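Assemble the complex: chain A is given as a structure, and chains B and C must be docked to it using the hints.
Protein chains in written order, with numbering that gives the first Met the number 0: chain A, 0 to 322; chain B, 0 to 278; chain C, 0 to 337.
Honestly, the hints are just simulated from the structure, not real lab data. The structure presented is a predicted model; accordingly, all values stated were derived computationally and were not measured. There's no promise every hint is true.
Covered by chain C, per the in silico footprint, the following chain A stretches (three or more residues, Cβ under 8 Å) [as the list claims (entries may be wrong)]:
| id | region |
| --- | --- |
| 1 | 90-97 |
| 2 | 116-122 |
Subject to a maximum C-alpha distance of 30 Å in a straight line, what follows is the list of computed DSBU-like cross-link-like pairs (lysine-lysine) [as the list claims (entries may be wrong)]:
| id | chain 1 | residue 1 | chain 2 | residue 2 |
| --- | --- | --- | --- | --- |
| 3 | A | 127 | A | 5 |
| 4 | C | 236 | A | 174 |
| 5 | C | 236 | A | 195 |
| 6 | C | 243 | A | 127 |
| 7 | C | 12 | B | 100 |
Don't be surprised by glycine CBs; every beta carbon is placed ideally from N, CA and C.
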Amino acid sequence: MKNLLKAQDLRAYYRLVDGTEIKAVDGVTLELRPNEVLGIAGESGCGKSTLAAVMSLTHNPPLRVVDGHVAANGSNLLTMPPEQVRREIKGRHISVVPQGAMNALNPTQRVRNFAIDMLQEHFPEMTKAQAIDLARARIEELSLPVRVLDSYPHELSGGMKQRTIIVLSTLLDPKVLIADEPTSALDVTSQKIVIKLLLALLGEGIITSIAFITHELPLLRQVADRIAIMYAGKLVEVGSMDEIIFSPEHPYTRALMGSMLVPEKHIREQRIEAIPGVPPDLKDPPIGCRFHPRCQKRLPVCSQEEPPAKIVGDRTTWCWLMQ
Amino acid sequence: MGEVLILVLRSRRFIIGAVLFLAVLTFGVIGPRVADRDPFQMAGGLFDPPSDKAILGTDNLGRDVFVQLMYGTGTSLLIGCVAGVVATTIGVTVGTIAGFKGGFIDELLMGVTNILITIPSIVVLILLSVAIKSRSAVVMGVIIGVTSWPWTARAVRAQTSSLKIREHVDLARISGYTTAELIVKEILPYMLSYIFMAFILQFSGGITNEATLSMLGLGPFQTISLGVMLHWALLWEAVRTGAWWAFVPPVLFLAVTSFSLMLINAGMDEVFNPRLRKS
Amino acid sequence: MLKSKFTRYVFQKLGWYLLAFLIAVSLNFILPRLIPGNPVNVMINQLAVGGVQSDALARIYENYMREFGLDQPMHIQFISYFRNLFRGDLGTSFMLYPGKVSDLIKEALPWTIALQIPTILVGWILGNILGAVCAYKGGRFDAVVFTSALAVSNVPYYCLAIILLYGLAVHNPIFPVGGGYSFGNFPDLSFSFFLDALHHYTLPFLSMIVVAIGGQAIGMREMALYELTTDYVHYSKAMGLRDKKVVGYVFRNAMLPQITGLAISFGTMMGGALVTESVFSYPGIGSLLFTAIRQTDYPLIQGCTLIITIAVLLANFLVDIAYGFIDPRIRAAQLGER
Chain A
0 MKNLLKAQDL RAYYRLVDGT EIKAVDGVTL ELRPNEVLGI AGESGCGKST
50 LAAVMSLTHN PPLRVVDGHV AANGSNLLTM PPEQVRREIK GRHISVVPQG
100 AMNALNPTQR VRNFAIDMLQ EHFPEMTKAQ AIDLARARIE ELSLPVRVLD
150 SYPHELSGGM KQRTIIVLST LLDPKVLIAD EPTSALDVTS QKIVIKLLLA
200 LLGEGIITSI AFITHELPLL RQVADRIAIM YAGKLVEVGS MDEIIFSPEH
250 PYTRALMGSM LVPEKHIREQ RIEAIPGVPP DLKDPPIGCR FHPRCQKRLP
300 VCSQEEPPAK IVGDRTTWCW LMQ
Chain B
0 MGEVLILVLR SRRFIIGAVL FLAVLTFGVI GPRVADRDPF QMAGGLFDPP
50 SDKAILGTDN LGRDVFVQLM YGTGTSLLIG CVAGVVATTI GVTVGTIAGF
100 KGGFIDELLM GVTNILITIP SIVVLILLSV AIKSRSAVVM GVIIGVTSWP
150 WTARAVRAQT SSLKIREHVD LARISGYTTA ELIVKEILPY MLSYIFMAFI
200 LQFSGGITNE ATLSMLGLGP FQTISLGVML HWALLWEAVR TGAWWAFVPP
250 VLFLAVTSFS LMLINAGMDE VFNPRLRKS
Chain C
0 MLKSKFTRYV FQKLGWYLLA FLIAVSLNFI LPRLIPGNPV NVMINQLAVG
50 GVQSDALARI YENYMREFGL DQPMHIQFIS YFRNLFRGDL GTSFMLYPGK
100 VSDLIKEALP WTIALQIPTI LVGWILGNIL GAVCAYKGGR FDAVVFTSAL
150 AVSNVPYYCL AIILLYGLAV HNPIFPVGGG YSFGNFPDLS FSFFLDALHH
200 YTLPFLSMIV VAIGGQAIGM REMALYELTT DYVHYSKAMG LRDKKVVGYV
250 FRNAMLPQIT GLAISFGTMM GGALVTESVF SYPGIGSLLF TAIRQTDYPL
300 IQGCTLIITI AVLLANFLVD IAYGFIDPRI RAAQLGER
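In isolation and in its complexed conformation, chain A is listed as follows (with noise of 0.2 Å):
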């Protein structure tokens, strides 16, 4: 099957220097759909920016994969030969914005170097100056100053900064973007540009589909089309935008609706619900659901084994109270 981009089964632990392994991604499957905008959304700490770091192959000890593939056209980029992966994926098919994405560039090379350094590694025959070109196209179809380009990173603002970085990961036309909290840095004004600016790219072509990483569920709303929630790392949810925010099933999900939603909504009365209790520890996670120590509305075989995947028409759920 042709795919986008998709992740099966997928465990991800960071080896610590103990010995000890901190299961960060533990048996995950997602697909990326064309066109579309997927979120990925959790509490900090649950394993999406991991989950993202594997799935755009920018994983580095001690993070390492220990089970299942991220597939991409049929075929297991894990075990791509790394050369083949830096030339024809890493850019070209699979992009990133990175979560620390203020300091992404260098802070002693105009933007204009970079730009020519990229395009050149893809294409080594592409002179200077037809890469400053394709650049500054691409710079001006998006609507942004051209003066980014003779810029040091430090003469730019930062949502100026985090939009010449979303321009220089798509200048090689990748099929997928990877977003890992590409907002979270910057304030309301710049939120909502950066945010025109990647739909444009969705709108525009350039791009097929985007990842979009956060811990701020309504900036999926304005945005996502699809959303996964993941918790302890692991998917408890994965449905449509209206699904997932105006009808959550797992209570996990509902619990973080109610606890993150309400003070956006203007029904003041209703109680801003915190979810008792504290996400477990990933060196030890518990048997069972993960979340159930945390669950209101656990049964007994919640403690025991782990919930299979339910799946209603374009929502699957994992937990115990839906089979």
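Below, chains B and C alone, put in the same frame as chain A:
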């Protein structure tokens, strides 16, 4: 504290450094107490090679090199330690106040610090030593300490200004702590390992500086240190006459002492500031 | 516009260094004058021990007091000290009376410069390369090289100098035991003199450069390790840039702060380098200072410390300016452009 010890014992560099240093320390502190000779006492002829009578031979005045080495090591360690304590105390005080207070006081203190960093400390050391005629080991340690604190002050200031915006400091401030209380209770405890590492560096620097001054002829008065031994060896041409026993031991002890302190420092750095590297 | 801002930056730095210079000169003036009694008394006492007649002593005493202005009030002394300084007059040496301190220094300075500048520069370049390779390679290579660098860089220069002198000049007489050139040879521009000087140069140079390389390597390794974990490295790799290219970025960026390391080494090397000279009886400032201290020749000591101060401040100033010019971040921060 116990936790910290267990943590640093994980570093091989730290263990090797600590063992070496303890060996030198024992030699320099216990040695003079059990020595059967006075370091200034004649034990043989001029530059006698090592023998049963003096296992490391004698120096230019026929004095026992091995006994001198024990006393010299002790004095060098004492000077280094005094210098380390003085420099670390001044540096931490200036650094925390500047970093914590900010504003004008910060600019003033850091201005002074930066100027003192710019002026080569060896020059100030030479001038101070020339001006103070009878220098005891402790006085020398103080002289070295008061010229070498600026680096520590600068580093501690950076640490303090990053610590002071932490939440627990704000909480303590709201609950009415005074500045001094805040620094002592909420800032310093979080920098202890850092301060200790700074002390180790100053300690090592103090020993080196002592040796440099002593070799230039500005060593402690009527006392033997490793630097003073080298000064005599140099002045009396021990190197050119091939009397290796007069200079190899102090050189070796200087080298081993600073190397062991560096290992301790590097080991602690390894444990407290772990860094990822290319796979 | 940038130009005028840069000029302002240069002047700001210049003002800063002038202040440091004034303070250093004041210390240079005050500290020896704190000696109980006064320097002339100390020296006269030495002459007296040496058996010089007492009426001659009185005459010499008078002469010196006048010459050094020690009979004047402190502030007058201070002013005349400065005036003489700007005339290039550093006073008269005690031990080589009536030899001028400035002449002695003029003779010694070229030797010190010839020894120090190549040592610092070559040590800096080689040390940086070594440190960068350590950081990049990691593993066993790094462990061995880093530990050896730690070992050599923290041992005072002269320790290695003494060992080398003994091993390669006394025990195995491959190199001369000291001096800047052979006895009976006179400094000129001939090829044979150059070879002779080079022969004498080798050991002092070797003993210092090993230590200098070690010190710089440690600093560079540290910086490069830090740079390797930065966001731009991850991003560049995520965009499919070759490792070689990314490492190029890292080394360039790690190198920049090392320029400050170069400035620091001017100051910190000085002490050890001075002693190294006296170990080899190399005819530079270090040996001059060594003799001056032994003879309690205060004017000469002051002259030496002054010239060391000037050299270090000048070197630091030049490095500061160069650094501000090279690193766009510093340029931005210091020029206040944004």
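Evaluated hints:
1. 90-97: Held - the region 90-97 of chain A has 5 residues with a Cβ nearer than 8 Å to chain C, which meets the minimum of three.
2. 116-122: holds (count 4)
3. A:127 - A:5: 35 Å, violated
4. C:236 - A:174: With a Cα-Cα distance of about 18 Å, the restraint between residue 236 of chain C and residue 174 of chain A holds, given a limit of 30 Å.
5. C:236 - A:195: 26 Å, holds
6. C:243 - A:127: 19 Å, holds
7. C:12 - B:100: Holds, because 25 Å separates the two Cα atoms, which is no more than 30 Å.
When held up to the earlier numbered hints, the structure conflicts with hint 3 and nothing else.
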